[in-house]
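Undergrad: Take these sequences, add in the hints, and give me the full structure.
Going down the list, the sequences are from chains A and B. Residue 1 is where the first sequence starts when you use my numbering, and the numbers rise one by one after that. Residue 1 is where the second sequence starts when you use my numbering, and the numbers rise one by one after that.
No lab work stands behind these hints: they were computed from the structure. There could be a bad hint or two in this list.
Stated by the list, open to error - The calculated lysine to any residue pairs, modelled on SDA-like cross-linking and capped at a C-alpha distance of 25 angstroms, are:
id: 1; chain 1: B; residue 1: K89; chain 2: A; residue 2: A16
id: 2; chain 1: B; residue 1: K152; chain 2: B; residue 2: A93
id: 3; chain 1: A; residue 1: K96; chain 2: B; residue 2: R3
Claimed, not checked - What follows is a set of in silico ranges between Cβ atoms, one per label pair, in the way DEER data are often shown:
id: 4; chain 1: A; residue 1: F176; chain 2: B; residue 2: L15; range: 26 to 32 angstroms
id: 5; chain 1: A; residue 1: F48; chain 2: B; residue 2: D155; range: 25 to 31 angstroms
id: 6; chain 1: A; residue 1: T131; chain 2: B; residue 2: K209; range: 32 to 38 angstroms
id: 7; chain 1: B; residue 1: I250; chain 2: A; residue 2: P14; range: 50 to 56 angstroms
id: 8; chain 1: B; residue 1: Q58; chain 2: A; residue 2: S163; range: 56 to 62 angstroms
id: 9; chain 1: B; residue 1: A13; chain 2: A; residue 2: N98; range: 20 to 26 angstroms
id: 10; chain 1: A; residue 1: E158; chain 2: B; residue 2: F42; range: 24 to 30 angstroms
For each residue, glycine too, the CB sits at the ideal point set by N, CA and C.
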Amino acid sequence: MTKLHFSRKQLCIPYALFLLLFVVIPMLMILFYAFTGEGADGSLTFTFSNFAKFFTSTAKLSTLLMSFTIAIISTAICLLIAYPLAYVLARSNWKKKNVLLMIFIMPMWINFVLRITALRELLDLIGLLGTQNYLNTIIGMVYDFLPFMILPLYTTLEKLDKSYLEAAADLGGNKFTVFTRVTFPLSMPGVISGITMVFMPSMTNYVVSDTLSNFNITILGKLIDEYFTTYDNWHMGSMISIILLVIIFLTLLATGGFKEDKNNARGANLW
Amino acid sequence: MVRKILSVALCVAVLLFIYSPILLLVVYSFTSANVIGKWEGFSFSLYGDLFRNAEIMQILLNTVVLALVAAALSTLLGTAGAIGIFYSKKRVAAPLRGISQIPVINAEIVTAISLALLFSMVAFYRTYFSLVIGHMVLCTPFVVLSVMPKLKQMDPNIYEAALDLGAGPTTALFKVVIPQIFSGITAGFMLSITLSLDDYIVTAFTKPKTFDTISTYVYNAVKNGTNSSTPALRALSALIFVVMIAAVLILNLRVRKHSAKESAK
Numbered sequence: 001m002t003k004l005h006f007s008r009k010q011l012c013i014p015y016a017l018f019l020l021l022f023v024v025i026p027m028l029m030i031l032f033y034a035f036t037g038e039g040a041d042g043s044l045t046f047t048f049s050n051f052a053k054f055f056t057s058t059a060k061l062s063t064l065l066m067s068f069t070i071a072i073i074s075t076a077i078c079l080l081i082a083y084p085l086a087y088v089l090a091r092s093n094w095k096k097k098n099v100l101l102m103i104f105i106m107p108m109w110i111n112f113v114l115r116i117t118a119l120r121e122l123l124d125l126i127g128l129l130g131t132q133n134y135l136n137t138i139i140g141m142v143y144d145f146l147p148f149m150i151l152p153l154y155t156t157l158e159k160l161d162k163s164y165l166e167a168a169a170d171l172g173g174n175k176f177t178v179f180t181r182v183t184f185p186l187s188m189p190g191v192i193s194g195i196t197m198v199f200m201p202s203m204t205n206y207v208v209s210d211t212l213s214n215f216n217i218t219i220l221g222k223l224i225d226e227y228f229t230t231y232d233n234w235h236m237g238s239m240i241s242i243i244l245l246v247i248i249f250l251t252l253l254a255t256g257g258f259k260e261d262k263n264n265a266r267g268a269n270l271w
Numbered sequence: 001m002v003r004k005i006l007s008v009a010l011c012v013a014v015l016l017f018i019y020s021p022i023l024l025l026v027v028y029s030f031t032s033a034n035v036i037g038k039w040e041g042f043s044f045s046l047y048g049d050l051f052r053n054a055e056i057m058q059i060l061l062n063t064v065v066l067a068l069v070a071a072a073l074s075t076l077l078g079t080a081g082a083i084g085i086f087y088s089k090k091r092v093a094a095p096l097r098g099i100s101q102i103p104v105i106n107a108e109i110v111t112a113i114s115l116a117l118l119f120s121m122v123a124f125y126r127t128y129f130s131l132v133i134g135h136m137v138l139c140t141p142f143v144v145l146s147v148m149p150k151l152k153q154m155d156p157n158i159y160e161a162a163l164d165l166g167a168g169p170t171t172a173l174f175k176v177v178i179p180q181i182f183s184g185i186t187a188g189f190m191l192s193i194t195l196s197l198d199d200y201i202v203t204a205f206t207k208p209k210t211f212d213t214i215s216t217y218v219y220n221a222v223k224n225g226t227n228s229s230t231p232a233l234r235a236l237s238a239l240i241f242v243v244m245i246a247a248v249l250i251l252n253l254r255v256r257k258h259s260a261k262e263s264a265k
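TA: This is how it looks when you write it as structure tokens:
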């Protein structure tokens, strides 16, 4: 019996090694690079200078702020569109409502570079491309990440126990009160899950901003990319990554994202 | 009544938003014009150009083969990992689950540069090996996430019964455990394929210099301004949109029907 349990447990060894080699060690290397710099003789020395340089550079700070603003606006628009939509879909009496949901979250399965390029063609056709870089970037982020907001909201609203709503109505709540006092608070896990899935990619997915702003807008993810591919300063690139990780961590902490049901993560239950 | 009209209007507006760029590309894939907006008569010429373009055909093949390889390896590693984690003590399982979440939560650009750092410092930088590993880092945690709930739903007594009836642990694993979690394994595999096909950033940082997938090729075409001189890319996009929409609808409806049958039992 003991030997047997041992053999099943052993199945996690390859995965544990894989995680150590390709997740833990690479992340430690970012940390190492962020706090080192090349000396005059080319040797690596421990330094806080990348950190200091980031927070004293107006260009970098304004990129951070602008990126943050784009992400907040995109996330808010996604929420404003997705919540009523998910509500309507979840409450519809139609028998095949999962087919309907499928049509709305279809983009999740289609290559996003192709979708964003298609959107670029449309924006070009209506004259927005090349003139409205910020607007286009926000439209692109919403276009790309809307399904990731719709899915968790639909899932929570669908599972919501209708008897609570009936009880609230029986106890004299009007439709508005029932929504604000019962439905909305109960749907918070979906809201949080959606926000965490839209906010961070909107700060970092530079394919969207590059394609739709004709490479004129630099969001935080693009800045990291530039330090690796254009400026060849991997130390600064790593430092910006660490700052980004801190932002992700704080967002998760603020929204309670650590506690949420991880099965919602980027459509883990898609298939 | 007003509410119903508003609901329908909202649905229609969102559908228009989601599908108008896709529709635009599909429609304009049937004319030979270089630029969208100029209709030069109905023709299949772009599709002809597409299938005659050896470079794009190679890239299409690259993308599909990479997705299949990465998904197969991720499914194998992730399924074994999930089973191992599930039967391990909490002391081992908890940190593994936590670390497994890192690539899920992390920004893709951070995952990408972390792998670029590792491979450039050690070996295999910008090789097919680093590319496959990059995709596995993205996909395997999702396989674990897909398989884990099925393990939890499983009745542990069946496994014990198989042992009591004389099955060895390996036989019991393959004849009892695997069949019960199989829907989770296939879901993990399909999700891995989707994630791999969709990826740009990790691919860009781990791929060999001369190797391209659809994502990196199209992004570079936009970057270098060559996308309008290659209108065959429009046919490629249109084809992928239509094939993916059809595949997703068919597969999902079959899966839903199947699971509906199962739950009706």
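Undergrad: Give a verdict on every hint.
TA: Hint check:
The hinted pair formed by B/K89 and A/A16 meets the criterion: a straight-line CA distance of about 14 angstroms does not exceed 25 angstroms. Pair hint B/K152 plus B/A93 holds up; C-alpha atoms about 14 angstroms apart against a cutoff of 25 angstroms. Proposed proximity of A/K96 and B/R3 is supported: the alpha carbons are some 20 angstroms apart, at most 25 angstroms. One distance hint, 26 to 32 angstroms for the beta-carbon pair A/F176 and B/L15, holds here, with the actual separation near 28 angstroms.
Between A/F48 and B/D155, the C-beta spacing of about 56 angstroms breaks the proposed range 25 to 31 angstroms. A beta carbon spacing of about 35 angstroms between A/T131 and B/K209 agrees with the range 32 to 38 angstroms that was offered as a hint. Checked against the hint of 50 to 56 angstroms, the C-beta distance between B/I250 and A/P14 comes to roughly 34 angstroms, which is inconsistent with it. Taking 56 to 62 angstroms as the suggested C-beta distance range, the pair B/Q58 and A/S163 conforms, at roughly 58 angstroms.
Judged by the Cβ atoms, the range 20 to 26 angstroms given for B/A13 and A/N98 holds: they are separated by roughly 21 angstroms. Between A/E158 and B/F42 the C-beta distance comes to about 43 angstroms, which lies outside the given range of 24 to 30 angstroms.
Violation of the numbered hints given earlier is confined to hints 5, 7 and 10; the remaining hints are satisfied by the structure.
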